[in-house]
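Could you put together the complete structure from these sequences and hints?
Just so it is clear: in the sequence shown, position 170 is 170 by the UniProt record's numbering, and no numbers are missing.
No wet-lab data here; the hints were simulated from the structure. Please note that the accuracy of each hint is not assured.
Unchecked claim - Listed below are the simulated DSS-like cross-link pairs for lysine-lysine, each with C-alpha atoms no more than 27 Å apart in a straight line:
1. Lys-72 with Lys-332
2. Lys-128 with Lys-78
3. Lys-72 with Lys-236
4. Lys-126 with Lys-351
5. Lys-212 with Lys-128
6. Lys-212 with Lys-351
7. Lys-212 with Lys-72
8. Lys-332 with Lys-236
9. Lys-70 with Lys-82
10. Lys-128 with Lys-351
11. Lys-70 with Lys-235
12. Lys-70 with Lys-236
13. Lys-212 with Lys-235
14. Lys-126 with Lys-301
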Amino acid sequence: MMNNILNTPDLRILLIKLRHHGDMLLTTPVINSLRQRLPGAQIDVLLYEETRDMLAAHPAINTIYGIDRKWKQLGTLKHLQKEWQLLCALRARQYHLVINLADQWRSAIVTRFTGAPVRLGFGFNKRKNAFWRFCHTELVSVANHNALHTVEQNLSILSPLSVPPVSTVTMSYSADDWNVARQQLAAQGISDRYIVIQPTSRWFFKCWDENKMAQTITALRQEGHTIVLTAGPDKKELSMVDRILSASPQTGVISLAGQLSLRQLASLIDHADLFIGVDSVPMHMAAALQTPCVALFGPSKLTFWSPWQVNGEVIWAGNFGPLPDPDAVDTKTSERYLDAIPVDAVVDAAKRCLA
Numbered sequence: 001m002m003n004n005i006l007n008t009p010d011l012r013i014l015l016i017k018l019r020h021h022g023d024m025l026l027t028t029p030v031i032n033s034l035r036q037r038l039p040g041a042q043i044d045v046l047l048y049e050e051t052r053d054m055l056a057a058h059p060a061i062n063t064i065y066g067i068d069r070k071w072k073q074l075g076t077l078k079h080l081q082k083e084w085q086l087l088c089a090l091r092a093r094q095y096h097l098v099i100n101l102a103d104q105w106r107s108a109i110v111t112r113f114t115g116a117p118v119r120l121g122f123g124f125n126k127r128k129n130a131f132w133r134f135c136h137t138e139l140v141s142v143a144n145h146n147a148l149h150t151v152e153q154n155l156s157i158l159s160p161l162s163v164p165p166v167s168t169v170t171m172s173y174s175a176d177d178w179n180v181a182r183q184q185l186a187a188q189g190i191s192d193r194y195i196v197i198q199p200t201s202r203w204f205f206k207c208w209d210e211n212k213m214a215q216t217i218t219a220l221r222q223e224g225h226t227i228v229l230t231a232g233p234d235k236k237e238l239s240m241v242d243r244i245l246s247a248s249p250q251t252g253v254i255s256l257a258g259q260l261s262l263r264q265l266a267s268l269i270d271h272a273d274l275f276i277g278v279d280s281v282p283m284h285m286a287a288a289l290q291t292p293c294v295a296l297f298g299p300s301k302l303t304f305w306s307p308w309q310v311n312g313e314v315i316w317a318g319n320f321g322p323l324p325d326p327d328a329v330d331t332k333t334s335e336r337y338l339d340a341i342p343v344d345a346v347v348d349a350a351k352r353c354l355a
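Pasting the structure below:
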């Protein structure tokens with residue numbers, strides 16, 4: 001039945017992943033694999049609403065369903081109504097195949113409620129119980145996941161199906177997204193060539209010293225490059241960009257921090273000569289877009305989260321000093337674990353990528 005289901009006319013597939021922005025981007029190889037093997041299938045996705053931008057322009061996706069975590073603010077009754085409406089909408093689609101990449105109970109319940117005849121999930125160690133098995137028709141082993149990149153982990157869900165893996169990560173955006181970004185550049189006097197630098201992450205322990213970033217910008221300006229700084233809209237991130245700007249050359253360096261959507265940022269990165277950034281969503285976007293990239297990496301698990309198929313160089317802080325165990329990091333710490341990385345290492349890598 002497993003592979004017979006793929007021959008179903010008007011095949012409908014639901015992919016479930018309830019995580020952060022970067023996680024959503026790294027599900028695209030699964031979507032791309034399904035599309036290549038099943039060109040006529042309708043592929044829907046269930047995600048957290050705030051991550052919609054990561055997949056909204058993907059050409060292979062039919063419909064995106066979102067769980068809005070703000071529903072909790074509506075009160076218990078309205079929250080439950082929203083959840084029930086979503087469940088009913090998914091069940092009404094009469095999916096033939098549900099692929100649950102998530103590890104939450106909620107995702108398992110949704111998977112079971114769809115009534116799909118084939119429901120794949122992972123046999124997570126923390127979910128070894130009868131109810132998790134009841135929600136899925138087959139569980140895929142995670143025994144070798146510790147040695148695999150997140151992309152490879154995701155693709156392993158397809159092992160029970162005759163779907164050859166396509167390992168390409170895809171970051172999609174529209175012509176309108178690029179028009180907005182290009183207008184923002186033009187308003188600041190930039191017409192064509194530039195370098196994008198994303199110095200911030202929502203986790204500040206993943207960030208590099210502001211003065212070192214300013215020194216890197218100064219060195220690149222001396223080579224004649226125009227610099228565009230980007231960041232999320234969070235006040236802490238904007239303050240960090242302001243500190244970097246104040247220590248950087250006053251010409252040829254602009255900020256679009258907090259001014260672009262994720263898809264607009266993707267278009268900006270796609271048209272850049274180079275991307276320099278820390279371990280964050282834009283770093284994964286740059287790798288997906290094959291923009292020349294210098295990625296500064298700290299205590300995150302390199303095996304799982306290094307930029308996939310990056311066109312450039314990954315500079316790991318662990319090569320310059322000791323790093324804590326990734327599982328032991330306090331995410332609220334004020335430590336900057338990337339600070340061991342010297343300016344010269346980043347500037348030299350940038351020059352190699354630009355050569």
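Consistency of the hints with the structure:
1. Lys-72 with Lys-332: 25 Å, holds
2. Lys-128 with Lys-78: 33 Å, violated
3. Lys-72 with Lys-236: 26 Å, holds
4. Lys-126 with Lys-351: Violated, at roughly 46 Å.
5. Lys-212 with Lys-128: The hint is violated at about 47 Å.
6. Lys-212 with Lys-351: The given pair, whose Cα atoms are some 16 Å apart, holds under the 27 Å limit.
7. Lys-212 with Lys-72: Distance of about 42 Å is beyond 27 Å: violated.
8. Lys-332 with Lys-236: Roughly 13 Å separates the two Cα atoms, so the pair holds.
9. Lys-70 with Lys-82: 11 Å, holds
10. Lys-128 with Lys-351: 50 Å, violated
11. Lys-70 with Lys-235: 21 Å, holds
12. Lys-70 with Lys-236: It holds: about 22 Å lies between the C-alpha atoms, which stays within 27 Å.
13. Lys-212 with Lys-235: Judged against 27 Å, a Cα distance of about 21 Å means the pair holds.
14. Lys-126 with Lys-301: With Cα atoms ~20 Å apart, Lys-126 and Lys-301 stay inside 27 Å; holds.
Comparing the model with each numbered hint stated earlier shows that hints 2, 4, 5, 7, 10 do not hold.
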